[in-house]
Structures are given as C-alpha cells and as structure tokens.
Amino acid sequence: MTDAGPALLEVNNLTTHFHTPRGPLRAVDGVSFSLRRGQTLGIVGESGSGKSALARTIIGILSKRRTTTTGRIAFEGRDLLTLSEPDMRDIRGRDIAMVFQDPTSSLNPVKRIGVQITEVLARHLGLRGCAARSRATELLTSVGLSLPEERLHQYPHQLSGGMRQRVAIAIALACDPKLLIADEPTTSLDVTIQAQILDLLHRRQKAHDMAMILISHDLGVVAGYTDAVAVMYAGQVVEQASTRSLFRNCRMPYTAALMRSAPNLSDPPHTRLRAIAGRPPDMVLPPPGCRFGPRCDHATDICRNERPTLSASDAVGAHLYACWHPVASPGASA
Amino acid sequence: MMSYFLRKLLRLGVVLLVVAAASFLLMTLLPGDVALALLGNDATPEAVAQVRAELGLDQPLLLRYLHWLGGFLRGDLGRSYITQVPVMESILDRLPVTIELMLLSQGLALLIAVPAGVLCAYKAGSRIDQFANAVALLLLAAPVFILAILLMFLFALKLRWLPSTGYVPFMTDPVRNLAHLALPALAIALAEWPSLFAVLRADMIRTLQQDYIALAKAKGLGPAFILFRHALRPSSFTLVTISGLQIAATIAGALVVETIFGLPGIGRMLTGAVYNRDMMLVQGCVAVISVGYVLINFGVDLIYALLDPRVRQ
Amino acid sequence: MSAFADDPGHETASAMAAPSPMQVRDRLGFRFWLPAVWIAIVVALATTANLLPLPSPIETDFAALSNWPDRTHWFGTDQLGRDILSRAIFGARISLTVGLLAPALGLGIGMLLGMAAGYFRGRVEAVIAAAMDAVMAFPGILVVLAVTAYVGASVPLLVIVLGVLTVPTFMRVARANTLVFAQHDFVLAARAMGATHWRVLSLEILPNVVIPMLIYALLVISRIIVVEGVLSFLGLSLPAPWPTWGNMIADGQVDLATLPYIPFIPAALMFLTVLSINLIGERLRARTDLRGSAL
Ligand SMILES: Nc1ncnc2c1ncn2[C@@H]1O[C@H](COP(=O)(O)OP(=O)(O)OP(=O)(O)O)[C@@H](O)[C@H]1O
Ligand code: SF4
Ligand SMILES: [Mg+2]
Chain A
199 MTDAGPALLE VNNLTTHFHT PRGPLRAVDG VSFSLRRGQT LGIVGESGSG
249 KSALARTIIG ILSKRRTTTT GRIAFEGRDL LTLSEPDMRD IRGRDIAMVF
299 QDPTSSLNPV KRIGVQITEV LARHLGLRGC AARSRATELL TSVGLSLPEE
349 RLHQYPHQLS GGMRQRVAIA IALACDPKLL IADEPTTSLD VTIQAQILDL
399 LHRRQKAHDM AMILISHDLG VVAGYTDAVA VMYAGQVVEQ ASTRSLFRNC
449 RMPYTAALMR SAPNLSDPPH TRLRAIAGRP PDMVLPPPGC RFGPRCDHAT
499 DICRNERPTL SASDAVGAHL YACWHPVASP GASA
Chain B
460 MMSYFLRKLL RLGVVLLVVA AASFLLMTLL PGDVALALLG NDATPEAVAQ
510 VRAELGLDQP LLLRYLHWLG GFLRGDLGRS YITQVPVMES ILDRLPVTIE
560 LMLLSQGLAL LIAVPAGVLC AYKAGSRIDQ FANAVALLLL AAPVFILAIL
610 LMFLFALKLR WLPSTGYVPF MTDPVRNLAH LALPALAIAL AEWPSLFAVL
660 RADMIRTLQQ DYIALAKAKG LGPAFILFRH ALRPSSFTLV TISGLQIAAT
710 IAGALVVETI FGLPGIGRML TGAVYNRDMM LVQGCVAVIS VGYVLINFGV
760 DLIYALLDPR VRQ
Chain C
21 MSAFADDPGH ETASAMAAPS PMQVRDRLGF RFWLPAVWIA IVVALATTAN
71 LLPLPSPIET DFAALSNWPD RTHWFGTDQL GRDILSRAIF GARISLTVGL
121 LAPALGLGIG MLLGMAAGYF RGRVEAVIAA AMDAVMAFPG ILVVLAVTAY
171 VGASVPLLVI VLGVLTVPTF MRVARANTLV FAQHDFVLAA RAMGATHWRV
221 LSLEILPNVV IPMLIYALLV ISRIIVVEGV LSFLGLSLPA PWPTWGNMIA
271 DGQVDLATLP YIPFIPAALM FLTVLSINLI GERLRARTDL RGSAL
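Protein chains in written order, with our numbering: chain A, 199 to 532; chain B, 460 to 772; chain C, 21 to 315.
Here chain A stands alone, though its shape is the one from the complex (with noise of 0.2 Å):
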C-alpha cells in the first residue's frame, strides 16, 4: 500500500440483500476497499461471512431479481453498478474474472475441456477454429498441464482435482483479464495441491500485472500471498491492513480468534474453521450493535448497544478496525 497511482477497483459502501421470505438478507453490508494494479487483497472470514456473495457482487453475476446491490463498484473510473447487462457482459471474463472454489463442480460436466476454453476466447477476442485451439494449448501449457492437445478433447471428470483446478484458472486467464477474483481457490484440494495453484496463481499475477481480490477462510494462506488483508464478518469488513500489519499488530478480538483457530496442516484436507465458539449471526435480523458481540469474550454492554464503526488505528489511517475494546498488541497503545 505504498506506491501511489490510480485505483482499478474501487469498492464503496456496498451493499447486497437476497431477498428471502423472511425479508432482506444483508450478505455484504457496506463494504468498501481499493486495489491497484498488480496488488493482491486477501478477504478472509469464516463460513457465510459473505465473502462469496461480495466476489459474485463484484463481477455482477447475482440474479438481479433476487438480489438488491447498493453503492459504487468502481473499475478503471467506471462505475459497474450502472452499467448496461451487455456491456458487463463484454467485462465479464475479459477484463475480470473468477475462479471458484470447487473445481468439480465449476466445470460443466457435459462440455469437453477445449470447448470451454475456446468459448470465452470466441466470446471476447472473436478466436475461433484453429488460432482459439492453439491459444487454448498455449493457456493450459501455461498453468503446468502435461499433454495439452489431448486435454482439449477430454471431459472435467478424466481429471483430477488439481488438474481441473488448473483448467479453470487457464479458462480465467484466457483474455489476460485486469483483475482475477479467486474464491477460496484452493479450499477443495490437497494440501500439497494447494501451494501449487497458489504459487500458480502469484506467477500469473506477477507475469501479466494483474490484481488479484484472494478469497479464504484460512489466515495463513493468504498470508503468504497478499499485499493487504480484509477481515469480514456478518457481510461487514471488520479489520482491514497491508498483510504485515494485520499479522504483526491484529486488534479486533474476531481477527485474533481466526489467527488462533488456522487450521494445521496435520488437520485432513476439507477441515472447516470451527474454532470460534457460536454460531455467526442471523443475517437477516443482526444483533444491534457489535455482530461479534455474542461471541465475544470481551463484549461490553457499549458493544451489545452501539456499532463499533471501521476506523483507523494509527496516524498514517492504514490500519482500520471495528471494536470498542480492541485487544492490546505488542508495540501499540490502545
């Protein structure tokens, strides 16, 4: 978060509601953030914290009937919210795309391999036949397959998981998009995979100049891999910093809990965060002041009543935090 130049995704107080029978949803819940060129933002939180529902937000895929989005989603100075469905649809996977977190089941069944690349490539830089088939072996060469060629002609199910993996990640990189949104891209896979499709990931990232948003519920993936971090909960960023400082000097007592509870790696592969005690809240009617405040051990009668708003922690405002008690760290006056 040092150098200085324009934004490409400027994220402000967002806001998505599912309509459900109960009434609105509130998966993000004023949200806002930047993010440059090459850089990479970690979001991380626990299961329904609306992580998802923000990426999906972002490259606008939610069915506009069940869904209500609020606020601004600047890309290169346009705001997304308002632009026209064919004109997102031109962005979509050309200039932002998105790898989601089970390959198994983000790949469609019933197509071959190749005619999933090459659609994105007919669809946006209008390569088909022989030029779409040859840059679609180039694309999964590029993200480590072996044999590409008879890839092309094979179903998602003759693949393994990290294979598959690999191939959505070729199907995001096909248009060099601006900004890639990977939605706990790993989550699905094997320990030993997963550094591998990160890693991937970072090559990619630094090759091209892309930005990357690097969805997990895992602190300790992002860690290695992001410039800055955004903790969310109940579909509210509750701590956000440059990666350094969240890990060095973390405040709010929600972000300690995730940093306590990272998963070993002795833990099988699939194991879900269940460290914090209680559940998440009812997102349809939260709790009225501090969301965490039902399960947190330093909660106050100020944090039941009033919302702790996001704020900034030191003079440079780098480091943002909502808690009235924010737990006291080594080389910090709270």
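The hints are simulated quantities; they were obtained by calculation from the structure and are not laboratory data. Careful: at least some of the hints might be erroneous.
To be verified - Just a few of them, taken from the derived set where beta-carbon distance is under 7 Å, the chain B residues facing chain C:
1) 715
2) 730
3) 736
Unchecked claim - Cut-off 20 Å, straight-line C-alpha distance, at most; resulting in silico cross-link-like pairs (EDC-like, lysine to aspartate or glutamate):
4) A/376 <-> A/277
5) B/582 <-> A/283
6) B/617 <-> C/275
7) A/309 <-> B/767
Stated by the list, open to error - Partial pick of chain B residues on the chain C-facing surface, computed with a CB cut under 10 Å:
8) 507
9) 602
10) 707
We put the CB at the ideal spot given by N, CA and C, even for glycine.
Given the coordinates of chain A, assemble chains B and C with the ligands onto it according to the supplied hints.
Just chains B and C with the ligands now, with coordinates in the frame of chain A:
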C-alpha cells in the same frame, strides 16, 4: 465406452427374452382355454381336442414357447382365428400410422415442454412461471380422451378447421395426412407435456444453481447461450428417461385417440381384437408393442450416454 | 456447491422451516379445502346413490330422449332418455371403487415388498427389484387389455390387474422411506436392545413409512381413475347398460356435434375429481417434505 454398450446390449437381450416369454405366457397361463374360447362353451370334447391339436396346444409348454419364439423371430405370429389373415401382415399394415402418430405427439410434447421448462426455470417464481405451472397442473388432470373429444368438438366440429375422423396415407397426400393426424397428436401431446415440463423445470432450476453456470456467467456469456448450451444438456437426464417411460402413456393414448378419430392404427386394431377375443391378434400386438417399447427404452439409454460423458465409463 | 444464483428452493426451505403448526394449517388454504369439499361431495353422493331420490340410471324413458339440461333433468338426458345426473352419480361409484381398491391392493403389497427390500437389503432387495423391473418392462395398459381379452371385462379383475401394476411404484416409495428410517437412531437403538426384525419393522418403521405412502397413494388414485376412464371408454370396464364416467363419455361422443353436454358433463366431473385429488396430494406432499427437512 465399449463395455458400457456391451453391458446394455446384454441386458437388452435378457429383457427382450423376458418380455417375449411374458407375452407368450400371458396368453397361455391365464385361466380359460383358447379352444373353448374359440368354439364356445357348448363345444363337444372331440372338437375341442381337435382344435387344441391344430393349435399345438397339446405339446409341452417349453416346446410351444420355442416354437412360438422361432416364429416370432421369423416374423410369423400365426394367423388370426377369426379373419385368417396372418397377424404380422395386419400389424405391419397398421404400424406406420401408429408410429407416425407417436412420433408427432412426442415431438409436439417436447416442442412445448422444452422451451416452457427452460423459460420457467430461468424465470422461476415469475408470473409466466406461475401461469405455465397452472396450465400444466390443469392439463395433468385432463385424461387424453377428454382432451381428444374437446379438441374434436372445437376444431373439427365447431370451427371446421380440421377433419374429425378418417385417415390419408402420407405417401398419398402429405398435407391431408398431417391434417388428419394434427388433432390426435395434439391431444396426446397436451396430455403428456406437463410431466416432461415439470421434470425439466425442476432439474433446470437445480442446474442453474450450479457453480458452472456461475462460471459461464462470469465468462460474459449471454443468457440464451447459457440456458441452451450450458444448462439444458445436464438438465435433461431425467427428461430423457421420463420421455422413454412416457411412451407407455403414449401407447395408451394412441389406443383411445385412434379409436376416437378413426385412425387405422395398431391401437384401434388391438381394441377391436380384444372385443372379438381374437387371441392370436391380441398376442401378436402385445408382443410387438412390448418389444418396441423395450427397444425404445434401450435407445433412450443410448441417448443418455451421449448426453452424459460420465455414464460411458 | 454454493447456494447462489436463482435459488427459490434455498430461500423457501429456510423460510418455511420455522412456522408453527397453526401457521401450517392456515397455509393449506383454499387450494386444499376447495378440492377436499368437492371430493367429499362426490364420495357422499356415490355412497348414498341408492337412497337419493334419483331416477333409475339404466331405465330408458322414450318420452325424454336427448333432453338438454332443464329443471326436471338437471344434467339433461342421454340419447336413450336416461337421466344423466343419476348416471353420473352411479358412474362415480365405479371410478371411486376402482380408484380406491386398486391402489389399496398395490399399496399393501408394495409396502411389504418395499419395507423388506429397504430393511434387509442384499439379496432380498435384488430379487424384489428385479421382479419389479420385469413388471415395469411392459406398458401396463397392454397387460390390462390382454387379460380382459381373455377373461372378459369385469370390475374385480380390473382392480386386481391395475393393483398389481401399481406395486412397483409403491415398492419404490416404501423402500426409499425404509432406507431413511432404518438408519435413524431409534431404529438402531431398538435393534441394539434385541428387538426382532418383525418388531422393528412393524413398530418402528411401519408408522413412519405409512404416511408418505398414503400421500403418494393420492397421486396413484388419480392416475388409476384416469386409466379406469380410458378402459371404460373403450368398453372394457363395467358392462353396459351400467354407467361409468368413461362409457358415458364414449356413448355421448357419437352425437358430439349436436348434443355436446352428454359427453362433456361426465368429462367435467372426471376432470374436477382428478384435479381435486392432485391438488390435495400436492398440498399434503409439500407439508410432509417440510417435516422431513425439519427433522
Ligand atoms: N441464494 C441465496 N439466497 C439467500 N441467501 C443466500 C444465498 N446465497 C448465500 N446466501 C447467504 O448469504 C450469506 C453469505 O454467504 P456467502 O456464500 O457469501 O458466504 P462465504 O463467506 O462465501 O462462506 P463460505 O466460506 O462457506 O463460502 C450466508 O448467510 C448465506 O446463507
Ligand atoms: S466491539 Fe466489543 S463485542 Fe465487538 S469485537 Fe470489539 S470487544 Fe468484541
Ligand atoms: Mg464462499
């Protein structure tokens, strides 16, 4: 891939033998005696014995089955007791009418069900969806013969757009042929599409929640492309299975509809044979229709494999 | 799998998991009660037909041939001067008799087989499933036709044949439900305490399987009423001159152009009855699905 077909083929063989045996046994094991049924209850024992010998009824069951099966495979289903016409000849005579009727009605049913199912899944919960569901619910409760009579009353008798009864072979005059088949086929299609529509809509709604549809959206693809090129195929497995089983309902539909509209198809012939207790003809029709039904469902299994690459393994 | 995109199921399921029993009763609504009232009327009329002050359903009245509906004959008379209201009410008896008895038979056999298959699994299940596949390999209507051709049209026969044809579907429903409940703690506990198979099946599993079976049976009943309609339309059910809705429609079809009320009155009755049963079944099924998911 190969082993999948081999297994299916083996299964087909077994099912065909079972169905053939069942058609044969149905006529043989039921209470009552064909000879008596033929000659009437006051026939002399000698006459009965003679007829039984003529029909080979005095031989052991297995021998008779093999004999019958051999004939069946050679296309010889015996002669009608009543008209003396070879059963196969009568069936081949009538079969094209019924096949055309069934193809038309099934095609028409799919032509209504697929676009409606796709659209309603896409707009699940909307006005259009609610309307289509209400129509489907109503039609699901309307038996095919009631629809047939209603259509005949409206379009043939009142509006006089289409003929009410009769038939013209396709080769003679394709237009008039289709005019005669339009209402019968529509009646069956109207009765059949709601169940096709319902399964497609339900599966499609499930498909549209899948991540690969989210990915397709994230690729910047348009809704029509996503619905028909990404979502339709993985949503049509149940539809294909159902439309195979649905043939059974279509056969029942053809039976009444052919009778109502006076089409010279196999259904009307079978009903007639049942009235006249023309056992050989009944048995022949049952065997041919059942075998056809089994073959169609075999074809459906193959289509299934084409649709879903995962099945082929 | 994520629960994103257009996801009505997700939302409704989570929203409906909570309501109190009172709210559920309210939610049955007129889409349940209106059909229920119709079915009650049809059943009441059909069962008390003999006691009602109706003209004979089979006696011809040459003074009143083909009368359109009027004050003396509410539904008119047919080509032989028979009162259509009376015939329709007596005809309902056949639809209801076949429509109730055949599924009852199929439910009884299907439930026994399905519970055995789902509880014992293994070879028992394989044999039962194979037998059911064999029954299903035939288009059912052909079996009915073939048997009638041999034995002649009669209502008991129809009940037996149609009943047997419904066994496979009932078997599947029973098996699926048994599979679910056989894994529940209360069944495992009963087994652990040394209860015999018979005790477990009859005391622990049966009560849980019966309700979904009965609701499913509604669907089968409406389908059987239609099949009986087809068969009596073809003249293969109750022999003339006794009325069934199907043969009334068939008789009326002859003069469809000039006397449309003759076939359309029984047709409408049949349609409304089948529709009502479907609506009731749909409402009840929605309700038990909720219970299932709330467990
Ligand atoms: N289609 C939907 N309709 C209604 N609510 C939804 C829908 N999809 C998600 N939600 C709700 O939105 C909230 C945020 O969900 P989201 O999937 O964004 O969480 P997440 O942080 O990505 O969790 P995970 O780590 O499990 O992926 C949850 O409370 C969820 O129940
Ligand atoms: S505001 Fe209060 S309840 Fe919320 S995290 Fe801080 S201390 Fe805990
Ligand atoms: Mg998620």
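Hint check results:
At its closest, the beta carbon of residue 715 of chain B sits 6 Å from a beta carbon of chain C; the interface hint therefore holds under the 7 Å criterion. Interface hint at residue 730 of chain B: satisfied, since its Cβ lies 5 Å from the closest Cβ of chain C, which is below the 7 Å cut-off. Interface restraint check: residue 736 of chain B against chain C, minimum CB-CB distance 6 Å, threshold 7 Å, status holds. The hinted pair formed by residue 376 of chain A and residue 277 of chain A meets the criterion: a straight-line CA distance of about 16 Å does not exceed 20 Å.
In summary, the hint linking residue 582 of chain B to residue 283 of chain A is supported, as the alpha carbons are separated by about 17 Å, within the 20 Å threshold. Restraint check: the Cα-Cα separation between residue 617 of chain B and residue 275 of chain C comes to about 13 Å, which is no more than 20 Å; the hinted pair holds. Taking the CA atoms of residue 309 of chain A and residue 767 of chain B, the gap is about 9 Å. The hint holds against a cut of 20 Å. Restraint check, residue 507 of chain B versus chain C: the minimum CB separation of about 17 Å is more than 10 Å; hint violated.
With its C-beta approaching chain C no nearer than about 4 Å, residue 602 of chain B sits inside the 10 Å limit, and its interface hint holds. The interface hint given for residue 707 of chain B is met, as the beta carbon of that residue sits about 4 Å from the closest beta carbon of chain C, less than 10 Å.
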